[in-house]
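Chains as they are written, first to last, in numbering that gives the first Met the number 0: chain A, 0 to 451; chain B, 0 to 283; chain C, 0 to 735.
Derived by calculation from the structure, the hints in this document are not laboratory data.
We put the CB at the ideal spot given by N, CA and C, even for glycine.
Careful: at least some of the hints might be erroneous.
Said to hold, decoys possible - With a cut-off of at most 25 angstroms between alpha-carbon atoms, the simulated DSS-like pairs for lysine-lysine come out as follows:
#1 C:Lys697 - C:Lys681
#2 B:Lys58 - C:Lys320
#3 C:Lys294 - B:Lys232
#4 A:Lys275 - A:Lys188
#5 C:Lys233 - B:Lys235
As the list claims (entries may be wrong) - Calculated Cβ distances over 10 angstroms to all of chain C for the following chain A residues:
#6 Tyr28
#7 Ile31
#8 Val47
#9 Leu91
#10 Arg125
#11 Leu194
#12 Leu213
#13 Glu306
#14 His314
#15 Asp320
#16 Val359
#17 Tyr387
#18 Pro389
#19 Ala391
#20 Asp393
#21 Leu441
What the hints assert, rightly or not - Among chain C residues calculated to face chain A with C-beta under 10 angstroms, some are:
#22 Asn365
#23 Gly499
#24 Asp502
#25 Ala505
#26 Ala711
#27 Gly712
#28 Glu734
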Amino acid sequence: MAKDIREDISWAQINNDVLKSLETPRPLYWVIVTVALIMFLGGVGLEVYMYNMGMGVANLNNPHVWGLFIATFIFWIGMSHSGTLLSAILHLMHADWRKPIYRFAEAMTTFSLMTAGLFVMVHLGRLWQFYYSLPYPNERGLWPNFQSPLLWDAMAIFTYLSSSIIFLYIGMIPDLAICRDHMKEGWRKKLYTALSLGWEGTDRQWRNFRITYLTVACFLIPLAVSVHSIVASDFAMSQQPGWHVTSFPPYFVAGALYSGCAAIITLFIILRYVFKFEEYMTLPILKKTARLTFAIAMVWTYLNAIEFASVWYSHDQASKDVLIQKATGPYAFAWWGMIFCGSVVPLMLAVKRFQTNIPVLFAVSLLLNLGMWLERWMIVSPTFSHGYYPWAWDHDQWPSFVQWGMVFASFGWFTLLFMVFCKVFPSVSMYEVKEMVYHRTLALKKGGKGGH
Amino acid sequence: MSVTNLLENWSQFRKSHPEGDVPHAEYKWAMSIDLDACTGCNACSVACYAENNLPVVGKEKFLHGQQMHWMRVERYWDEDGRDFPDQGAQFLPMMCQQCEAAPCETVCPVGATNHTADGLNSQVYNRCVGSRYCSANCPFKVRYFNWYDYPTTDDVWPAEMSQQLNPDVTVRGKGVMEKCTFCVQRLSAAKNTARNEGRSVKDGEVQTACQQACPTGAISFGNLMDTESRVYKQWKNQRVELDKEEQAKDKEEGGSKLRGYRILEDLRAYPSVMYLERVRESAV
Amino acid sequence: MIENGMNRRDFLKVLGWGGAAVALTGCGNTSVEDGKELITSYVEATDYMIPSIGVYFNSTCAQCDAGCGIMGRVREGRVLKLEGNADSVINHGKMCALGQAGVQAHYNPDRVRDPLLRSGSKGEAITWEKALGLINEKLGGAKGDEIAFLTGGMSGHTKALLGNYLEALGGAKHYAYDVTAPAVVRAANKKAYGVEMPHLRLDKAKAIVSFGADFLGAWVSPVHFSQQYARFRKGENGQRGVLVQVESKMTLTGANADRWLAVRPGTEGVLALGVINALGAAGLYLSEDVKSLVKDYAPERVSKETGAPAEQIGKLAALLKERSPSLAIAGSAVEGYAHGSQIAAAVALLNQVLGNVGKTIEAPANVPFQQLAPAATGRAALVALNDALAAGKVKVLFTYGANPVYSASSAMKFKDNMKKAAFKVAFAHYLDETALEADLVLPLDSALEDWGTFVPAYAGDVAQLGVQQPLMEKLHANTRGAGDILLALLKQKEADKYKGFEDYYAYLRTAVVQNKAALGGAGADDDTFWGETLSKGLVKFGAAGGSLSGKVSAADVALPAAAAADAQFPLTLIPYVTPNQRDGRHANQPWLQEAPDPLTTVVWDSWVEIHPKKAAELGIVEGDIVEVTSKHGSIKAQAYVFPGIHPEAVSVPMGYGHEAMGRYAKDVGANVLSILDPVADKVTGETALNETRVKIAKAGKRVIVVKEEGAAGGKQMGKKIAVRVSTDKVDLSEEV
């Protein structure tokens, strides 16, 4: 089996390679940034249009009050679980192959949460009054409704967002110090100087750093689980057929980890190419990620089956009708697409040959993400078109270009943030890669297989 | 509600009403609609447009399901596949059911929809942020969202048309949820009058716009706490109880000879609108 | 009824003395901002006007000819909403959708605001003096019989004034035209009972069989009948009433029937005779001539001809025999066919053999002043006018409250014939199709700004004179009431007689007050009587009519043999009078456009109702644009597959397809009236509405039908939503 990373790579070379990513990416980088910027600006235009005209232009209606905005919101929340998975869960499980790729995964967490938050805002009928849903002190003694899952949602997301920013930042401090030390004078030097908080690399600093990092990692895991459970309770706590399902929280969390992993593969491949990280983001690591994705895919498939089964056993006719309608109604293409992309396509990841085949993996990861997006859509919309009250059934509500455009733009916004981040901050953790190389060398000398 | 209080009285808070308590001291507005009298003529719905400043959205928006009728008249056919609907159609006026345990109220993030002491499910336009969660959780889908800014950019009331608007009712701007209020502006006026005279509102003193228009008098409206009111008598006569999800009618085997029921009762939303079944002659 | 101020003034809840005379100051369509609006100080407000308090004034609804009493809520000088006047014997405080929309006729943004004189294809605003002068000038060149006045339904003092004017013009002719008028029914009733519109006691009947009379939806006086229907259903006469509806296209009344019998178009009379036959078989006494008339109408034959199951005919006869008194009503079937009068006679015979005449069919209250009685409207009037126009016999044509350019069949070529009249004057609220063809358009006050009196088209047991009074100041400075215009025109001809009346209000007041003895005001002083009349919004007059007896004999009924199938035009077209649109005069009231048709739930468009079997046969699905072609043209509209129609018929609603009449009406749907065959009832000469034979074909396009009904298509999907129970499973006697 090929090695996760070359043991003979020198620390200076690591510094050199990673710092180079801050300066001279391949031209494709600029293409991506430009395209992302255009997509995002398109979205801004649509929002201005919708803000002026009213939400109606999104072709939402009664009963389809939510549509793609909320589906895509769940999608991005799900995406945010990638970072936590790689940094925190795998960190605690001592899987050291995560080291070269966890930084960008954490960045994904932060930015996808920001994107998700954007959808909450965009979907509000009165965007300008969004702060009503925050518990801020006011002279009228008005508080939000603490019974509402939507409020839990807002709080969970804010907590998770701030925690993941802190986590991302803390993990970057030693690398920021390296950047500071290698930079010539300029805004970057000032930035890194300020952000590295006077990191010297002393033993005491390292000790404190490790403890802090571990603590935040431990804190983040339940938070990540709770965030998506709460998003799930937006649906599970409601009374609608197809939503009122007890297994929704674990199902959502599994789905989140799944889409997170799939997105990691996508961005892994892109970053590896544009920042010339072939030495660090190696094929063996990709292979491990692919295997992990496969495992989670199967968990998700299982939970999916559980959801169907529990609907079946519940004898709740309305929920059954929704399920049947998903499979046979006008949404059938999307529902079967979800099954295909989410449960069938990942089977390719079980084939060894494909686990290191970059074009195949890239295509598969995109399909998985598509499948996961469809899953969210299939959670939200069919229930609206097939609720308890038959008179209000409506199959023909297709999102307008405004909704599709916003979904599209959200990818631009995310990519833009992410790409700018990778250009400004080291997207591969230098000190952890060094650590990994050191451990591997040590193990090699001792004749072991490496790793902790 | 302190935390201690919450914990100590947990079982009570889980119920829609405290046990053994009278939930509504003076008023509990309720309705009963006799489907046997309802002819489906739409007078109620248009009267509601007139009273409550409902916007006419036009064909294009109606196509997209963005109509704003607080009161809609539904028309059902028999489903046994006969050549002709030879027992006629069935009409059902449907508006906010003013549920006692309203699914919409618990989910609103900002508490813009509340239960009033009179048993109304109120909607506070000023507080609404437009998350539409209430509508998503409404089993009857009777909440209507202002998808557009009807008074301004949409120009629903051009020129002199705006002079018809009822000054007692807010014209809603874009981005807020709205729904049937049981003509709360009329209720407030009647309550104020009664309070100033040191009495309660008498039965028949206040009518909802739909009730007032209904040519066959299919709609009764009044105070369920007033044992003299027609609505109270109808509910009692049909043995329909507000806080039960199963009524006498459902329990009795082989037909109870009663015809009062509430829609989707098993969801335990406890609607304040009782319907009386449509009667059809068995002899022809 | 708002706030405390009202407590002290409960007695003022309904008050009307004064009306416009109380100077309801306030809003024109100007604003304070642009400095044009008068700001009235409310510190010393007019009596009965309290800021923020709604005050109610009584008036009379002008949306249709039923003449319901209304009560307008007026606040700060604006009328906000119309409610029913509880004193009215017609509607007892209730309102229909049409009546509610009266405020939209008033506030309609497309009203005509100035007298318009044709100049080329445009209208040029002129002064009233010039307009009236022009009329006088043009009338000078015409003899009395060269002048024609076309109106819709009219009654009360406006009608009286019009009559006087026509006389003053030397015998000008009045054509009273209404496409939805029950003209054949009236003529047949006259023959059968001696009165045109007997008082139908739905509330007394224990069983009703209606031959296409949509009395809950659009027939004659729906609000009145709906109230009676409620009592009929409640069984105030001892037993819950049973309604059987016989028709080819389900109307709103049909949708509320206990049994809806779909019959082949035009065979309603056969069914009526079949029921008489079955009644005889069941032991009801039939005279010999009736027996011989119906002997051929055995259930099997009737079933074969009408398509109604033979078993149902027996059941219906059994029901009618058992539940007496019953009531048979002849409705749109009678207006529909060339043998309509025969159908009506058959239905009258049914009533007669059942002994209903005098029990559920009573004499109506008499309207003592025939000048005020409703004009006998019909469709024959338009045919007569059209013939006169075509022959070039009309030099000056006035139109008021009728829109023949829209509602005449293209076969009549009315628009072309109208051009032959040298001078055409339209009294108009809006620029409708007819006003656009006129040389001079006179802008009218809305019904909520104008004075007038109405006698309801259907009287009931008490005749009443509804008073129409302004509920607010005029919205537009330059409009005038029809009465005022007529008065001004009369003054041109007979100045001496009318010089005492400054305006129509003065005329009306004098007219009513002079007759106070007959109007129940004997002994009251003039001012008090007039004030009370305005306050009530109506005066009741007339004693109950005498007794009625059936006058139909078997010899009066001669049903024709079934028409041979027409291979080229295989289907019968039934133009449907919807409760909301009627003949199309309300198409510009957006509430009515947005209120779904009760049966199809379609909004803002026309539709073609096709039975599912027929649709399957023709490969038509909902939303297919189909072309309905008759001998006289074709229209295109969306198909709506509808179970409540006979497979040999298609139905298209009236009232859509306007080419003018403002933003809400223009280009909405297709005009079914334009393709009707001009076939007339053989007895009365009234155009038979259902005699048009058509063929339908897909036109290629498919649209989404814009309707209220959702994807479940009116199914309850096993849920308990609108529940129905049969009479044997319910005990109504204990109910509150």
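For each hint, the structure was consulted:
1. Distance restraint check for Lys697 (chain C) and Lys681 (chain C): the Cα-Cα separation of roughly 34 angstroms exceeds the 25 angstroms cut-off, and the hinted pair is therefore not satisfied.
2. Of the pairs offered as hints, the one joining Lys58 (chain B) and Lys320 (chain C) is violated, with about 49 angstroms between alpha carbons and a cut-off of 25 angstroms exceeded.
3. For the suggested pair Lys294 (chain C) and Lys232 (chain B), the alpha carbons sit about 53 angstroms apart, so the restraint of at most 25 angstroms is broken.
4. For the proposed pair Lys275 (chain A) and Lys188 (chain A), the alpha carbon gap of about 23 angstroms is at most 25 angstroms, so the pair holds.
5. Simply put, Lys233 (chain C) and Lys235 (chain B) have alpha-carbon atoms about 19 angstroms apart, close enough for the 25 angstroms limit, and the pair holds.
6. In this structure Tyr28 (chain A) is separated from chain C by more than 10 angstroms, as the shortest Cβ-Cβ distance comes to about 46 angstroms.
7. The claim that Ile31 (chain A) is not at the interface with chain C holds, since no C-beta of that chain comes within 10 angstroms of its own (minimum 40 angstroms).
8. With a least beta-carbon separation of about 29 angstroms from chain C, Val47 (chain A) lies farther than 10 angstroms from that chain, consistent with its non-interface assignment.
9. A cut-off of 10 angstroms between C-beta atoms confirms that Leu91 (chain A) is not in contact with chain C; the least separation is 50 angstroms.
10. Distance check on Arg125 (chain A): its Cβ is at least 25 angstroms (rounded) from any Cβ of chain C, clearing the 10 angstroms threshold; non-interface status holds.
11. Every Cβ of chain C is farther than 10 angstroms from the Cβ of Leu194 (chain A); the closest lies at roughly 56 angstroms, confirming the non-interface assignment.
12. Remark: the non-interface label on Leu213 (chain A) is consistent with the geometry, its nearest Cβ contact in chain C lying 54 angstroms away (cut-off 10 angstroms).
13. For Glu306 (chain A), the condition that its CB be more than 10 angstroms from all CB atoms of chain C holds, with the nearest at approximately 22 angstroms.
14. For His314 (chain A), the non-interface assignment is confirmed: its Cβ lies about 13 angstroms from the closest Cβ of chain C, beyond the 10 angstroms cut-off.
15. With a cut of 10 angstroms on Cβ distances, Asp320 (chain A) falls inside the contact zone with chain C, its closest approach being about 7 angstroms.
16. Residue placement check: Val359 (chain A) keeps its beta carbon more than 10 angstroms from all beta carbons of chain C (closest about 41 angstroms).
17. Listed as outside the interface, Tyr387 (chain A) is inconsistent with that label: its C-beta sits roughly 7 angstroms from the nearest C-beta of chain C, within the 10 angstroms cut-off.
18. With a cut of 10 angstroms on Cβ distances, Pro389 (chain A) falls inside the contact zone with chain C, its closest approach being about 4 angstroms.
19. Here Ala391 (chain A) does not stay apart from chain C, with its beta-carbon only about 6 angstroms from theirs, under the 10 angstroms limit.
20. At the 10 angstroms boundary, the C-beta of Asp393 (chain A) falls inside the reach of chain C, the nearest C-beta of that chain being 5 angstroms off.
21. Separation of Leu441 (chain A) from chain C is adequate, the least Cβ-Cβ distance of about 67 angstroms exceeding the 10 angstroms criterion.
22. Against a cut-off of 10 angstroms between C-beta atoms, the interface hint on Asn365 (chain C) is violated, since the closest Cβ of chain A lies about 48 angstroms away.
23. Because the closest C-beta pair between Gly499 (chain C) and chain A is about 59 angstroms apart, greater than 10 angstroms, the hint is violated.
24. For Asp502 (chain C), the interface hint is violated, since its Cβ never comes within 10 angstroms of a Cβ in chain A; the closest pair sits about 48 angstroms apart.
25. Here the hint on Ala505 (chain C) is broken, as its CB sits about 52 angstroms from the closest CB of chain A, past 10 angstroms.
26. Taken as an interface hint, Ala711 (chain C) checks out: its beta carbon lies about 4 angstroms from the nearest beta carbon of chain A, inside 10 angstroms.
27. Residue-level restraint check for Gly712 (chain C) holds (minimum Cβ-Cβ distance to chain A is 9 angstroms; threshold 10 angstroms).
28. For Glu734 (chain C), the interface hint is violated, the least distance from its beta-carbon to any beta-carbon of chain A being 27 angstroms, above 10 angstroms.
Consistency with the previously given hints fails for numbers 1, 2, 3, 15, 17, 18, 19, 20, 22, 23, 24, 25, 28, ordered from lowest to highest.
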